[in-house]
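Participant: The listed protein sequences correspond, in order, to chains A and B.
Letter by letter, the first sequence follows residues 1 to 406 in the working numbering.
Letter by letter, the second sequence follows residues 1 to 224 in the working numbering.
A portion of the hints provided could be inaccurate.
Here are the simulated SDA-like pairs of lysine to any residue, each with C-alpha atoms no more than 25 Å apart in a straight line [claimed, not checked]: (1) K16/A - R137/B; (2) K84/B - D401/A; (3) K10/A - Q142/B; (4) K299/A - E76/B; (5) K80/B - R316/A; (6) K216/A - L96/A; (7) K54/A - A369/A; (8) K10/A - S115/B; (9) K80/B - Q317/A.
Here are some chain A residues the structure puts well away from chain B; computed CB gaps all over 12 Å [what the hints assert, rightly or not]: (10) F23; (11) I83; (12) S98; (13) T140; (14) G142; (15) P167; (16) M182; (17) Y194; (18) T244; (19) L245; (20) D248; (21) E268; (22) F276; (23) I367; (24) L380.
These aren't lab readings, by the way, just hints derived from the structure by calculation.
All residues carry an ideal CB built from backbone N, CA and C; glycine is no exception.
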Amino acid sequence: MNELALLLIKNSLFTKVKPRIRFDYIIMILGIVISVAVVATAINLFEGYEKTLKKILLSSSAHIMVYSNQGETLSIEQTEHAIQQLRPFREISSVLPSYTNTAMLRKDGKIRSCLVRAYHHTENDVWYKQYIRQGKTTLTNGQVIIGDILASELALGVSDSLTLLYPQTESLSPLGMIPRQMMFTVSGIVKTGYYEMDKSLILMTADDAFSFYATKPQYTNLEINLHEKWIDRSQEIKDKLQSTLGKDYLFHSWIDYNGNLFSLIVIEKWLIFLVFSFLILIAAFNCISIVSTSIIDKKREIAILKTVGMTVSHIRQVVYLRILLICFVSILSGLVLGSVLSWLITQQSFYQLKGEVYFIDRITMQISALNYLVVFTSALLMIAICIKLPLRYIDRMNIIDVLRGN
Amino acid sequence: MSVLKAEHLKKTYWDSNLELKILQDINLEIAKGEFVCISGKSGCGKSTLLHLLGLLDTPDSGQIIINDSPVTTQSEDVHKLRNKYIGFVFQFHYLMEDLSALENIALPLMVNGNSRQSSLNQAMAMLEELDMVERARHYPHQLSGGEQQRVALGRALINNPVLVLADEPTGNLDPEHSSEVLDLFFKFNRKLGCSLLLVTHDPAISDQAQTHYKLENGVLHKIK
Numbered sequence: 001m002n003e004l005a006l007l008l009i010k011n012s013l014f015t016k017v018k019p020r021i022r023f024d025y026i027i028m029i030l031g032i033v034i035s036v037a038v039v040a041t042a043i044n045l046f047e048g049y050e051k052t053l054k055k056i057l058l059s060s061s062a063h064i065m066v067y068s069n070q071g072e073t074l075s076i077e078q079t080e081h082a083i084q085q086l087r088p089f090r091e092i093s094s095v096l097p098s099y100t101n102t103a104m105l106r107k108d109g110k111i112r113s114c115l116v117r118a119y120h121h122t123e124n125d126v127w128y129k130q131y132i133r134q135g136k137t138t139l140t141n142g143q144v145i146i147g148d149i150l151a152s153e154l155a156l157g158v159s160d161s162l163t164l165l166y167p168q169t170e171s172l173s174p175l176g177m178i179p180r181q182m183m184f185t186v187s188g189i190v191k192t193g194y195y196e197m198d199k200s201l202i203l204m205t206a207d208d209a210f211s212f213y214a215t216k217p218q219y220t221n222l223e224i225n226l227h228e229k230w231i232d233r234s235q236e237i238k239d240k241l242q243s244t245l246g247k248d249y250l251f252h253s254w255i256d257y258n259g260n261l262f263s264l265i266v267i268e269k270w271l272i273f274l275v276f277s278f279l280i281l282i283a284a285f286n287c288i289s290i291v292s293t294s295i296i297d298k299k300r301e302i303a304i305l306k307t308v309g310m311t312v313s314h315i316r317q318v319v320y321l322r323i324l325l326i327c328f329v330s331i332l333s334g335l336v337l338g339s340v341l342s343w344l345i346t347q348q349s350f351y352q353l354k355g356e357v358y359f360i361d362r363i364t365m366q367i368s369a370l371n372y373l374v375v376f377t378s379a380l381l382m383i384a385i386c387i388k389l390p391l392r393y394i395d396r397m398n399i400i401d402v403l404r405g406n
Numbered sequence: 001m002s003v004l005k006a007e008h009l010k011k012t013y014w015d016s017n018l019e020l021k022i023l024q025d026i027n028l029e030i031a032k033g034e035f036v037c038i039s040g041k042s043g044c045g046k047s048t049l050l051h052l053l054g055l056l057d058t059p060d061s062g063q064i065i066i067n068d069s070p071v072t073t074q075s076e077d078v079h080k081l082r083n084k085y086i087g088f089v090f091q092f093h094y095l096m097e098d099l100s101a102l103e104n105i106a107l108p109l110m111v112n113g114n115s116r117q118s119s120l121n122q123a124m125a126m127l128e129e130l131d132m133v134e135r136a137r138h139y140p141h142q143l144s145g146g147e148q149q150r151v152a153l154g155r156a157l158i159n160n161p162v163l164v165l166a167d168e169p170t171g172n173l174d175p176e177h178s179s180e181v182l183d184l185f186f187k188f189n190r191k192l193g194c195s196l197l198l199v200t201h202d203p204a205i206s207d208q209a210q211t212h213y214k215l216e217n218g219v220l221h222k223i224k
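Assemble the whole structure, with the sequences as input and the hints as a guide.
Facilitator: See below:
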């Protein structure tokens, strides 16, 4: 762009001639600002939802699970060997051996099936501590922490006792199969937000689990948590760990379990973007009429520029860049407005999500540079094309009529 | 030596299937520094002839030669020819509303690729010649009709063109401003040595021209 084009654009944008900005320009600018703001807001809120969901999902389950590839459980030797091998990896924040099994819970004649998860009682870095709603956050032998839906269904509170049952085929008597049973005291109530988990989870110490299931010390899996910046690269790290520990172990990352859900959310986000982009397209269509009227409006100036020797392509460039610059600033303003709108929506108190229903109890937002780049680029592209279309009129303009004053 | 030569120019317009032969066989030669005047009735084709000579419009037939080279509006470098060799002044000032008087005068220089600063410096020198330095930063709507036309003249002359084409430049001015603007035309014609082709109805102006043509029925008749 040469100095003359810059001068013409600058002077027409900051013109001293009144009215400084035409009404149809205001409508065009508003159209772009509002449509871009709506798209940016929708994307920000959806991104916020995705991030929050991921955060909650990953804070209540391991990022990578390790199982034995030889049997149902990992022996103490296998577990110690694996922990030893995994320790040097800087991506890993913790490795937690756990024992998982099923059992029946009985309380005052009511029976429920439940999922028992056991951890060594000395472990501090366990996921459930942040979800304890009542009682103690640590596990002690003879005590259990239970899911809050399970607790409310069986009217269990902290310090209440319950009985766990586990059928064993080797305990047959003339009267039939006698299940193993053991009494525990409720030391805490946990609420993860997952219905299935809160309805069936029982946490206990590994020692109690080995005793209750009458098994030698062993673990069903290792729960590996990664440092935050590596979480999205779980799949890659999983492969690295798998190659280090070999085929005796089986690795699954959170992406293996929940990848489809997040892929679906990402697809939904871009579908929303696509649908809402039509708003920008409509605003961009408005630019066609603005450029057309602007050419008619400025035909005298265009005639003068042709008379003093300016080429048609340079005149087109000036008209194009002048309107594109206005649209560029409008798009940026739309993104800023979108950010403010998203923030206001997260701050408002008119509509709140029901945490117990939606699992997320408040609307969150997340501004992503990549999302904004996509919105900005697509909006600019649509508008740039729409501005370019009517510029052909400049080529066909008959300046003789203009100079005659017709 | 001629700066512009027109040979057998013809131009016809069609109005609702009616053929209007505006220019029938125009032959004209303008020497360097010559002051030529064309007069004629309204609608006789004076402005059309000026537009053809200024390479703004295309003749149906005939040839225009500038500095011994035939040129047409279809030439790739027609915009350069207009910028370098020809200056235009119209009845209505036709200044760029968003540009100051100084910037309006500098416009042809900047179109030619000169830097902004050097163009503005030259434009300021031109404003001094026009005795309008104090109006340099004023916009066209802040200038009187006479001042606007003086700026338009400055813009036409800033590139030192070989030929200035003026289409009734005083037609829209009162006698006082009209006389001021004409004096400037004559001054620059003498000082810069550029040729001047002026279309006018005013006999007082045509009397001062070195050559005077009358356009009648599409043909130029030499009066003087």
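Participant: For each hint, tell me whether it holds in the structure or not.
Facilitator: Now for the hints, and whether the structure bears them out:
1. Simply put, K16/A and R137/B have alpha-carbon atoms about 11 Å apart, close enough for the 25 Å limit, and the pair holds.
2. Between K84/B and D401/A, the direct Cα distance comes to roughly 24 Å. Compliance with the 25 Å bound is thereby established for this hinted pair.
3. For the suggested pair K10/A and Q142/B, the alpha carbons sit about 19 Å apart, so the restraint of at most 25 Å is met.
4. Restraint check for K299/A and E76/B: the C-alpha separation of about 22 Å stays at or below 25 Å, so the hint holds.
5. As the CA atoms of K80/B and R316/A are separated by approximately 17 Å, the hinted pair is consistent with the 25 Å bound.
6. The hinted pair formed by K216/A and L96/A meets the criterion: a straight-line CA distance of about 18 Å does not exceed 25 Å.
7. Pair hint K54/A plus A369/A holds up; C-alpha atoms about 19 Å apart against a cutoff of 25 Å.
8. Distance hint between K10/A and S115/B is fulfilled; the C-alpha atoms sit about 16 Å from each other, no more than 25 Å.
9. With a CA separation close to 18 Å, the supplied pair K80/B and Q317/A stays within the 25 Å bound.
10. Remark: the non-interface label on F23/A is consistent with the geometry, its nearest Cβ contact in chain B lying 18 Å away (cut-off 12 Å).
11. With 12 Å as the threshold on Cβ separation, the claim that I83/A sits away from chain B holds: the shortest Cβ distance comes to roughly 72 Å.
12. Here S98/A stays apart from chain B, with its beta-carbon at least about 74 Å from theirs, past the 12 Å limit.
13. With a closest Cβ-Cβ approach of about 82 Å to chain B, T140/A is found to remain outside the 12 Å limit, as its non-interface label requires.
14. No beta-carbon of chain B is positioned within 12 Å of the beta-carbon of G142/A; the least distance is around 87 Å.
15. The Cβ of P167/A sits about 90 Å from the closest Cβ of chain B, beyond the 12 Å cut-off, so the non-interface label holds.
16. For M182/A, the shortest C-beta to C-beta distance to chain B comes to about 89 Å, beyond the 12 Å cut-off, and the non-interface label holds.
17. Listed as a non-interface residue, Y194/A keeps its Cβ farther than 12 Å from every Cβ of chain B; the least gap is roughly 65 Å.
18. Against chain B, the non-interface label of T244/A holds: every CB pair exceeds 12 Å, the least being about 66 Å.
19. Against chain B, the non-interface label of L245/A holds: every CB pair exceeds 12 Å, the least being about 70 Å.
20. No beta-carbon of chain B comes within 12 Å of the beta-carbon of D248/A; the shortest separation is about 76 Å.
21. Against the 12 Å criterion, E268/A stays outside the reach of chain B, whose nearest CB is about 48 Å from its own CB.
22. No Cβ of chain B comes within 12 Å of the Cβ of F276/A; the nearest lies about 36 Å off, and the non-interface call holds.
23. Every CB of chain B lies more than 12 Å from the CB of I367/A, the least distance being 38 Å, so the non-interface label holds.
24. Distance to chain B confirms L380/A as a non-interface residue, since its nearest Cβ pair spans about 25 Å, more than 12 Å.
Hint compliance for this structure: every hint is met.
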